[in-house]
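Chain by chain, the residues:
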Amino acid sequence: MEVFIDIALLTLLCITAMAVVHIRKLFCAIMLLGIFSLLSASMFVNMDAVDVAFTEAAVGTGISTILLLLGMSLTNTREKRPHYQPLFSLVVVSITGAVLVYGTMDLPAYGDPNASIHHHVAQRYIKQSPLEVGPPNMVTSVLASYRGYDTLGETAVILTAGMALVALLGMRRRKVLPMSSSSGCGDYHDMKDHLVLRIMAKIFIPLILLFALYVQFHGDYGPGGGFQAGVIFASGIILYALIFGLEAAMKVVGYPVLRVLAACGLLLYGGVGVACMALGGNFLDYNALAHDPLHGQHLGIFLIELGVGVTVFAIMVIMFYAFASRRGHTA
Amino acid sequence: MNWVGHYNYWVVIFLMMSGFYVVISRGNMIKKLLGLNIFSTSVFLLYISMGKIHGGTAPILTDNPNQVYSNPLPHVLILTAIVVGVATTAVGLALVVRIQERYGTIEEDEIRAKDDSL
Amino acid sequence: MIHLPVALVVIPLLGAAVCVLFRRSFIAWTVALAAAWSGFAISILIAVYIMKIGTLSYSIGGWPPPWGIAYHIDYLNSFVLLIVSGIAAVVMPYARTSVNYEIEEDSQAYFYCLLLICLAGLLGITVTGDAFNMYVFLELSSLSSYALIGMGKRRRALTAAYQYLVMGTIGATFLLIGIGLLYNLTGTLNIHDLAHQLAVNNIIGSHNRTLLTAFAFIIVGLSLKLALFPLHLWLPNAYTYAPSVATIFLASTATKVAVYMLLRFCFTILSGGFIFKLTLGKILLIPALAAILIASMVAIFQYDIKRMLAYSSVAQIGYMILGISLATPLGLSAGILHLFNHALMKGLLFMVMGAVNYRIGAVYLNDFRGLGRTMPWTMAAFVVGGMSLMGIPLTAGFISKWYLVQAALEKGWWPVAALILIGSLLAVIYIWRVVETAYFNPAQEMEAESSGEAPLSLLLPMWLLVLANIYFGIDSSIPVELAGRAATLLLGGAS
Chain S
1 MEVFIDIALL
11 TLLCITAMAV
21 VHIRKLFCAI
31 MLLGIFSLLS
41 ASMFVNMDAV
51 DVAFTEAAVG
61 TGISTILLLL
71 GMSLTNTREK
81 RPHYQPLFSL
91 VVVSITGAVL
101 VYGTMDLPAY
111 GDPNASIHHH
121 VAQRYIKQSP
131 LEVGPPNMVT
141 SVLASYRGYD
151 TLGETAVILT
161 AGMALVALLG
171 MRRRKVLPMS
181 SSSGCGDYHD
191 MKDHLVLRIM
201 AKIFIPLILL
211 FALYVQFHGD
221 YGPGGGFQAG
231 VIFASGIILY
241 ALIFGLEAAM
251 KVVGYPVLRV
261 LAACGLLLYG
271 GVGVACMALG
281 GNFLDYNALA
291 HDPLHGQHLG
301 IFLIELGVGV
311 TVFAIMVIMF
321 YAFASRRGHT
331 A
Chain P
1001 MNWVGHYNYW
1011 VVIFLMMSGF
1021 YVVISRGNMI
1031 KKLLGLNIFS
1041 TSVFLLYISM
1051 GKIHGGTAPI
1061 LTDNPNQVYS
1071 NPLPHVLILT
1081 AIVVGVATTA
1091 VGLALVVRIQ
1101 ERYGTIEEDE
1111 IRAKDDSL
Chain U
2001 MIHLPVALVV
2011 IPLLGAAVCV
2021 LFRRSFIAWT
2031 VALAAAWSGF
2041 AISILIAVYI
2051 MKIGTLSYSI
2061 GGWPPPWGIA
2071 YHIDYLNSFV
2081 LLIVSGIAAV
2091 VMPYARTSVN
2101 YEIEEDSQAY
2111 FYCLLLICLA
2121 GLLGITVTGD
2131 AFNMYVFLEL
2141 SSLSSYALIG
2151 MGKRRRALTA
2161 AYQYLVMGTI
2171 GATFLLIGIG
2181 LLYNLTGTLN
2191 IHDLAHQLAV
2201 NNIIGSHNRT
2211 LLTAFAFIIV
2221 GLSLKLALFP
2231 LHLWLPNAYT
2241 YAPSVATIFL
2251 ASTATKVAVY
2261 MLLRFCFTIL
2271 SGGFIFKLTL
2281 GKILLIPALA
2291 AILIASMVAI
2301 FQYDIKRMLA
2311 YSSVAQIGYM
2321 ILGISLATPL
2331 GLSAGILHLF
2341 NHALMKGLLF
2351 MVMGAVNYRI
2361 GAVYLNDFRG
2371 LGRTMPWTMA
2381 AFVVGGMSLM
2391 GIPLTAGFIS
2401 KWYLVQAALE
2411 KGWWPVAALI
2421 LIGSLLAVIY
2431 IWRVVETAYF
2441 NPAQEMEAES
2451 SGEAPLSLLL
2461 PMWLLVLANI
2471 YFGIDSSIPV
2481 ELAGRAATLL
2491 LGGAS
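Quick mapping for you: the protein sequence lines, in order, are chains S, P and U.
Here the numbering used here is used: position 113 in the first sequence is 113, and no number is missing along the way.
Here the numbering used here is used: position 59 in the second sequence is 1059, and no number is missing along the way.
Here the numbering used here is used: position 400 in the third sequence is 2400, and no number is missing along the way.
All the given hints hold, so there is nothing to weed out.
Below are the DSS-like pairs computed for lysine-lysine, each with C-alpha atoms no more than 25 Å apart in a straight line:
| no. | chain 1 | residue 1 | chain 2 | residue 2 |
| --- | --- | --- | --- | --- |
| 1 | P | LYS1114 | U | LYS2153 |
| 2 | U | LYS2282 | U | LYS2411 |
| 3 | P | LYS1114 | S | LYS80 |
| 4 | S | LYS80 | S | LYS25 |
| 5 | S | LYS251 | S | LYS202 |
No lab work stands behind these hints: they were computed from the structure.
Just so you know, these numbers come straight off a predicted model, no measurement behind them.
Kindly generate the complete structure, drawing on both the sequences and the hints.
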């Protein structure tokens, strides 16, 4: 059964990729990329990587698609027909692909439990992490504790992207203009005049925010954690901005607040590390945080996941604001 | 050499190369970013394929003492890589939007023509 | 004391967050200055410690490697750390005036934030002993540099930043593929453990195809990042159109750290660089020589002097890779020494460019007319930097060129030594063009009135680098010692 799903998903992925290569209308290409992300997320579930699937669906399908659509709406909607022969590109791509295929020939077969990759470092994570660190979700243990430093780097990457966007695009308050662009929409000028959208948004947004909090705090026991939670929380705010207007959303959660939240999230993460140093351990050594190592680990993971979630939420909304407030701006 | 065992890897390599092809052969800047996304996502598929174990399950502790779990380390690496990928896309898009405003186009050959004519 | 390696990276990182918190440009600059100077002080302390003891390790999170991420510093690391943090410490005082002139008031705090993040990223790459951690911090420094370059005034800065983004991301993804394949072979990500696993399981000797592919991808990915000809296409535009401070910082540090990564992967993981000695050295020799000759020749024809210096950088990277590809102790230490000297040279030359831009507003060849009289200190600094670039004795550049030629002769490769000297001759040509215009052409009437010498805040850091160039040209014992020990360590295998 699994094999069937595997082959079906891979075939769909290939078709989608080929479609993205070929289609010139950018809106279609971007939506196809979203479908590609979603199919990849399904593929991840099939390969038992549930946390990764969750993140790919939230971040890859969700945020990437929103940002790409925003970018596209501010630029062109069609790609020009390429008029040159792409022979050189095909040659380069074929050579690279051939080298990769050559390289995989000495790899163990897909799914082989005797592969060397599973025997060295991973054994300790699987056997010991529930005893040493605590959470049943081994991915959270590794992400937040064993390799917590990579996660600090990753949070810094998100902060960098947000700050880069603000530095490059600026952030300006706009007069209220409808987010819906086409004026031939009949009787509706604003999205918020559309009754169905408004009522459903008001039902959904609190549920979305609640779900985000659930994902944040339940990340120890199931798939989830700071990244996914931050993105889902941000998507609630973005939905509000889409329906009720950017101006209204900026009144609820304005840019200054978000900027402070983003910085504080990273400072919280770093601060936990520094606190560990001050209490006698190494940087990010949570055992030092409490009298009992397991309690210390639990506290440490809780705090840093909070830091990550706050920064991710703030930066995602900042990125949306940066692009959305650019519409109607003349160079 | 195991044909069936490696089928997954080869399809993923094909996906990678189609993403790579879009990046190097297309001139539209947003299309290049799409290609970059496909390329990165396929690399993630490759990594996770390496961590899969037949008969295993997600690396979350269950009550079954004999349960085989998939390797959690590639999952952690890819979580980081996904976020890095979306950050890159965001910065790239910001640059594209600014380029559209300053040049009036996002096709590379038109931009090159405008730069050379100065 | 033991927490110093981590403090080195965490201070700029958290400093960047503080810059964002307080958006006033002056506060951001003060935080950046404090972070850069404390970083340099820490690097010096670490270097002193390494010279006595040899290695310094630190397990982050308390988890021992390979289950946790570990920092591991040896001679090579501490040398590169000195370079990166030193350049940052010198650039920060310079930055106040330059950034004030080139970047809008509202965006200056973001500029400093991104600069600090770039610094943290580069330091993080250098200090870490974990391959995937290297990738994360590489992406951190790359992302911030894309944004730093894109903040340049002219619109070509945006296309330059975009081109760098696309090429850089391809390079980083290739690196990721390579790391993934290496992980698959061994099951670990820690660099020293990788070396151990590859040796113990006899993977190297058995001509494992996956290993070869992994290294092919790693080397191509890193070549994109370090702008080795012909994958250097992003560099000239990026350096030319970025704001002055960004160019100074990136030109002196970013490519050096990429060379460091290459050394780590090829020598430490492959225990003694046997793959280099066999074939890779000869493969990399060709692009290195091509870079030296072709880039120097293209530099001669440039009218934008920043662009000329950017092409010169591509040539200098060729020298570094040339030294490394020789894979002998002398050649390797010459290449590593050139990392240091090039940072000093190019940092100085780009600082001159920033000062000229500040006074004149542009850096085309014609704008240099008569600057020998109106900006005497600045042009004198340019002359010293140019002499270092040409490899004239008594400057830092001479030392590394001398060692390179010696290393080539030691291997009996006369043509290579001749080509190195030809490269220096080409450098003479393109430096002389500027010197001649500055000193021997009369200034135009209007410019002579409006400009003057560069302000002190720009001159002092510049002349600090001038003195460093001259000092390390006369007494180069410390860098040579460090580079030599680093080379021996690399060729001897993982410690």
